[in-house]
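Participant: Please take these sequences and the hints and turn them into a complete structure.
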Amino acid sequence: MGYHTIVIGGGVAGMQCASELLRQGVAVTILEKESELGGKIRNWHKLFPTFTPAEEVLAELRSRLISSPNLAVRTGCEAAKIASDRVVLTSGEVLECDSVVVATGFTLFDAKVKEEYGYGIYDNVITSADLERMFNEGAVRLKSGVTPRRIAILHCVGSRDEKVCQRHCSKVCCVTGVKQAMELKRMFPGADIFNFYMDIRMFGPGYEEMYREAQVDYNVHFVRGRISEVSPTIDCRLQIKAEDTLTGRPLKMAVDMLVLLVGMKSNALNENLVAECGLKAQPSGFMQPRDSFLHNVESNREGIFYAGAVTAPKNVGESMNEGTAAARAVVEWLAKR
Amino acid sequence: MEISDMTFFASFCIPFIAGASIMFAVIAVKYISWLRNLPRKDWRLIAKGVFSMSTLRALWEVVRESLLHRRIFKVDARLGYMHMSLAFGWFLLIAVGWAETVAYLGFQWVPLQGHVFFKYFVPLNGITAHKPVFDFAMDFLLLFVLSGVAMAWLKRLRSRALGMRKTTNHILFDRVALSALWFVFPLRLLAESVTAAIYGGGSFLTGGLGRLLDSVMGEGALGYAYEPLWWMYSLALGIFFVAMPFSRYMHIFTEIPLIFLRHYRLRPEAMEKSYDNFEVEACSRCGICIDPCQLQSQLGINEVQSVYFLRDRRYNMLQQKIANNCLMCGRCEQVCPVGINLNTLRLNSRSSMRNIPHEGRYNYLRGVDRSLGEGRVGYFAGCMTLLTPNTMSSMKRIFEAAGEEVWWADKEGGACCGRPLMLSGEVDSARKMVEYNKSLFAKHGITTLVTSCPICLKVFREEYHLEGVEVLHHSEYILRLMEQGRLNVGREQGATFTYHDPCELGRGSGIYDEPRAVIEAVGELLEPEHTRHDALCCGSSVANTAISDAQQLKIAQGVASQLEETGAQTIVTACPLCKKAIARGATRQVADLSEIVARCIK
Chain C
14 MGYHTIVIGG GVAGMQCASE LLRQGVAVTI LEKESELGGK IRNWHKLFPT FTPAEEVLAE
74 LRSRLISSPN LAVRTGCEAA KIASDRVVLT SGEVLECDSV VVATGFTLFD AKVKEEYGYG
134 IYDNVITSAD LERMFNEGAV RLKSGVTPRR IAILHCVGSR DEKVCQRHCS KVCCVTGVKQ
194 AMELKRMFPG ADIFNFYMDI RMFGPGYEEM YREAQVDYNV HFVRGRISEV SPTIDCRLQI
254 KAEDTLTGRP LKMAVDMLVL LVGMKSNALN ENLVAECGLK AQPSGFMQPR DSFLHNVESN
314 REGIFYAGAV TAPKNVGESM NEGTAAARAV VEWLAKR
Chain R
11 MEISDMTFFA SFCIPFIAGA SIMFAVIAVK YISWLRNLPR KDWRLIAKGV FSMSTLRALW
71 EVVRESLLHR RIFKVDARLG YMHMSLAFGW FLLIAVGWAE TVAYLGFQWV PLQGHVFFKY
131 FVPLNGITAH KPVFDFAMDF LLLFVLSGVA MAWLKRLRSR ALGMRKTTNH ILFDRVALSA
191 LWFVFPLRLL AESVTAAIYG GGSFLTGGLG RLLDSVMGEG ALGYAYEPLW WMYSLALGIF
251 FVAMPFSRYM HIFTEIPLIF LRHYRLRPEA MEKSYDNFEV EACSRCGICI DPCQLQSQLG
311 INEVQSVYFL RDRRYNMLQQ KIANNCLMCG RCEQVCPVGI NLNTLRLNSR SSMRNIPHEG
371 RYNYLRGVDR SLGEGRVGYF AGCMTLLTPN TMSSMKRIFE AAGEEVWWAD KEGGACCGRP
431 LMLSGEVDSA RKMVEYNKSL FAKHGITTLV TSCPICLKVF REEYHLEGVE VLHHSEYILR
491 LMEQGRLNVG REQGATFTYH DPCELGRGSG IYDEPRAVIE AVGELLEPEH TRHDALCCGS
551 SVANTAISDA QQLKIAQGVA SQLEETGAQT IVTACPLCKK AIARGATRQV ADLSEIVARC
611 IK
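Those protein sequence lines, which keep their order, are chains C and R. If you're matching positions, the first sequence starts at 14 in my numbering and goes up one per residue. If you're matching positions, the second sequence starts at 11 in my numbering and goes up one per residue.
Simulated from the structure, these hints should not be mistaken for lab results. Built from N, CA and C at the ideal position, the CB exists for glycine as well. Possibly wrong hints are sitting among the right ones.
What the hints assert, rightly or not - Now the in silico label distances, taken between C-beta atoms and shown as ranges:
#	chain 1	residue 1	chain 2	residue 2	range
1	R	R168	C	P263	23 to 33 angstroms
2	R	E410	C	S157	21 to 31 angstroms
3	C	A281	R	R168	37 to 47 angstroms
4	C	P263	R	Q329	15 to 25 angstroms
5	R	V345	C	P263	48 to 58 angstroms
6	C	S76	R	E410	55 to 65 angstroms
7	C	S157	R	K453	50 to 60 angstroms
8	C	G89	R	K331	46 to 56 angstroms
9	R	L66	C	P263	55 to 65 angstroms
10	R	N179	C	A281	57 to 67 angstroms
11	R	K51	C	A281	52 to 62 angstroms
12	C	R146	R	R598	40 to 50 angstroms
Said to hold, decoys possible - Short, incomplete list of chain C residues facing chain R, as computed with Cβ under 8 angstroms:
#	residue
13	A85
14	E128
15	C178
Facilitator: Printed below as a string of structure tokens:
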């Protein structure tokens with residue numbers, strides 16, 4: 014056909030979209046701001062609910078892209094301005110094209126904003142992303158080098174929290190919390206693991222079963238209540254205060270490690286898409302598709318498409334599906350034009 | 011002619027006489043009922059103050075504020091002139107007018123309308139001699155007042171021309187009174203000018219306008235206009251007087267007793283009381299409180315400002331959504347030309363609407379106290395500081411460096427200071443917290459109580475009555491440690507800071523210099539545009555339960571950008587709530603005062 018599409022973002026959605034476009038004969042340029050493709054799951058250990066290694070998924074996605082003469086991958090560069098026929102990079106370089114897919118994903122919530130949880134202040138307060146990195150490194154240790162014996166996992170850090178203006182649910186953290194609790198339990202069978210939650214939202218196939226398995230087979234404890242504050246104890250552990258809202262009683266507990274399940278924030282670059290490119294965002298900051306049902310991978314501007322978590326929190330499978338859907342929408346649009 | 015033979019009545023005087031009688035009667039009824047219902051404590055204060063220097067000081071303030079309007083001049087000279095020309099000008103017209111009748115008739119009793127419509131009665135009683143000096147003085151004063159009226163008209167059309175971004179949105183009743191007042195002086199000018207044209211007299215203004223009217227209209231037409239103009243003047247006065255006690259203009263006669271009572275140390279309190287009537291009705295609805303309100307400037311909320319709160323409270327139509335939608339930052343109180351205690355009045359309104367203590371809710375206070383240890387100094391972090399642990403750990407380092415034995419008051423047993431409940435009007439519930447904490451403090455024998463939360467500080471100082479315990483904000487405490495040489499800090503080379511005055515610390519507790527002195531000991535301090543008394547509110551005030559987090563964030567962003575304009579590397583504040591609020595809206599580092607000190611300890 015001789016068409017050229019620019020895919021902005023080389024995460025799972027962007028990679029899947031690119032491979033689908035290539036398969037249909039469209040030339041693709043992927044713009045990736047990091048030094049290599051893969052996006053957020055590059056730093057992830059295993060994916061719920063099957064405990065599939067993230068690297069396995071990435072390897073397959075990479076192999077679909079390899080050896081296509083129609084693909085150009087530009088790493089280490091960012092888009093400053095987007096139109097359907099051109100993308101201007103932050104370097105000032107202009108790339109011509111016939112359509113654009115925005116697959117820029119999300120930004121992880123910065124746990125330091127919730128100062129009361131002590132991230133960056135106390136040694137053994139970590140985020141879910143830090144824990145995945147530790148899993149990849151093969152060892153979860155306290156700062157002192159010893160293994161943790163009691164771990165608390167706090168859900169909804171930067172999600173469903175009006176105080177930090179993040180009203181939306183990040184959707185994947187609940188099941189991530191369950192998954193990480195199980196992985197920790199496999200690593201430290203003798204450890205006590207407590208998940209502090211508001212609701213447990215098990216929306217996907219196999220998730221609810223996982224949640225039950227965590228309780229029945231892994232003996233992970235679930236406490237309904239948000240942790241209000243964290244302070245250090247004399248012996249360098251962490252004292253957490255919470256309310257067990259099922260019993261209606263305040264609760265204090267000393268733990269060795271606190272894992273914060275950080276939520277998905279709308280991508281920090283979305284503001285620029287709204288201000289500079291005439292695209293629309295939702296009140297949550299995530300981009301607004303043209304229609305939630307019939308045109309959910311299209312933007313409000315002709316020739317600009319969305320795929321993945323740029324429009325809402327999504328899991329890996331959903332993001333990849335959107336990559337495929339966006340590719341198909343691009344091809345249809347190019348043919349009709 | 012002998013004065014006993016003179017007439018000082020004409021039928022056109024009836025509206026004026028009726029209006030003035032109604033006005034004085036209503037005011038008398040109001041005064042009597044307000045005074046009668048004053049609590050005994052307030053009466054004792056009046057009895058103590060009335061024969062003291064306070065009375066003279068109050069009298070001087072009445073001249074300064076009710077006549078000259080010095081405080082409005084401070085806000086804006088144009089506004090000040092407008093209010094002064096109306097108030098002081100009208101007062102002088104009455105005073106000089108009285109002197110004029112004395113000059114003509116000697117010290118004789120003349121009925122009120124005789125003074126007010128003197129120019130009408132002069133020819134009526136066959137007096138032909140004129141007194142040009144008085145004519146000139148009265149014309150001059152009338153011109154003075156008219157210039158104020160012209161400015162008032164202009165202000166309605168274009169408030170910015172008089173230095174106000176927004177002016178009050180008046181209710182119908184105020185508009186009637188306002189219109190009547192606007193017509194009083196132009197009608198007086200016309201009536202007196204026509205009188206001067208027909209009977210002579212008048213100076214540059216009334217005489218001049220009279221001659222002009224005469225040449226344009228002819229003497230016959232003037233004769234027809236003569237009586238109707240005096241009627242209209244009298245009617246305008248009458249309407250204004252009837253409307254006055256029920257409208258904003260009640261402030262004219264309420265501000266004066268208010269000034270005296272205030273000098274006798276009467277104040278509004280946590281619960282509504284009769285004295286509040288003097289404060290509420292002394293509001294002239296000038297609207298000067300609107301512009302400083304960030305709910306207005308940042309969020310476009312237009313119906314909650316103090317002027318509207320007082321109006322609604324006065325007419326018994328106050329709703330919770332108005333009473334609760336206020337940051338209590340005190341920026342309006344700072345500029346109120348009448349000096350009304352706006353925050354206290356709003357609080358006691360909230361209390362009247364909301365103070366229903368829940369008896370079971372605070373049972374948990376029994377069994378909370380697991381406190382141990384002793385110390386000369388007690389440190390009360392406060393709930394918000396517990397949520398900003400960087401401040402806690404910094405204070406810990408400061409205490410250690412100074413070698414202070416500290417008892418951590420709220421680590422193992424402290425409860426909330428009670429002020430958030432007070433701010434929401436739940437005074438009785440708050441008292442449970444106060445009593446609990448007081449007994450906790452007493453148990454550990456502290457002599458100094460340090461807190462890093464200005465919200466707690468204010469309630470400790472004003473409501474706790476901690477005899478024998480000195481209450482200090484951590485900014486005061488840190489500065490004292492430095493001055494005593496117990497805390498040695500080094501300067502951070504090239505470090506620049508800007509300081510955000512927390513409302514509760516600055517306007518609330520008058521602490522402006524101590525935090526600045528501490529900052530200047532560790533680096534360079536750059537002042538933002540709005541600072542000290544004029545400092546902005548961070549927007550997350552616990553006093554406001556009405557606005558959303560997104561609205562709070564918008565205010566915080568406004569504050570943060572103004573602080574960042576200074577170019578300082580770090581935004582410093584001395585309140586954990588402000589810190590959290592500004593950090594949400596800032597792109598630069600936001601730190602508590604204790605943090606920047608702790609990292610410079612030598």
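Participant: Each hint should be assessed against the structure and marked as holding or not.
Facilitator: Outcome of the hint check:
1. Between R168 of chain R and P263 of chain C the beta carbons are some 58 angstroms apart, a value that contradicts the proposed interval 23 to 33 angstroms.
2. Between E410 of chain R and S157 of chain C, the C-beta spacing of about 22 angstroms keeps the proposed range 21 to 31 angstroms intact.
3. Taking 37 to 47 angstroms as the suggested C-beta distance range, the pair A281 of chain C and R168 of chain R conforms, at roughly 43 angstroms.
4. Roughly 35 angstroms separates the CB atoms of P263 of chain C and Q329 of chain R, a value that falls outside the hinted 15 to 25 angstroms.
5. Distance hint check for V345 of chain R and P263 of chain C: the Cβ-Cβ separation is about 44 angstroms, which falls outside the suggested range of 48 to 58 angstroms.
6. For S76 of chain C and E410 of chain R, the hinted distance range of 55 to 65 angstroms is satisfied, since their beta carbons lie about 59 angstroms from each other.
7. Between S157 of chain C and K453 of chain R the beta carbon distance is about 37 angstroms. The supplied range of 50 to 60 angstroms is therefore violated.
8. At about 53 angstroms, the CB distance of G89 of chain C to K331 of chain R agrees with the hint of 46 to 56 angstroms.
9. Taking 55 to 65 angstroms as the suggested C-beta distance range, the pair L66 of chain R and P263 of chain C conforms, at roughly 58 angstroms.
10. Distance hint for N179 of chain R and A281 of chain C: a CB-CB separation of about 41 angstroms, inconsistent with the stated range 57 to 67 angstroms.
11. Restraint check, K51 of chain R to A281 of chain C: a C-beta distance of roughly 59 angstroms satisfies the suggested window 52 to 62 angstroms.
12. Checking the proposed 40 to 50 angstroms range against R146 of chain C and R598 of chain R shows it is violated: the Cβ atoms sit about 28 angstroms from each other.
13. At its closest, the beta carbon of A85 of chain C sits 35 angstroms from a beta carbon of chain R; the interface hint therefore is violated under the 8 angstroms criterion.
14. Residue-level restraint check for E128 of chain C holds (minimum Cβ-Cβ distance to chain R is 5 angstroms; threshold 8 angstroms).
15. With 8 angstroms as the threshold, the beta carbon of C178 of chain C comes within range of chain R, its nearest partner Cβ sitting at about 6 angstroms, so the hint holds.
The structure shown violates the earlier hints numbered 1, 4, 5, 7, 10, 12, 13.
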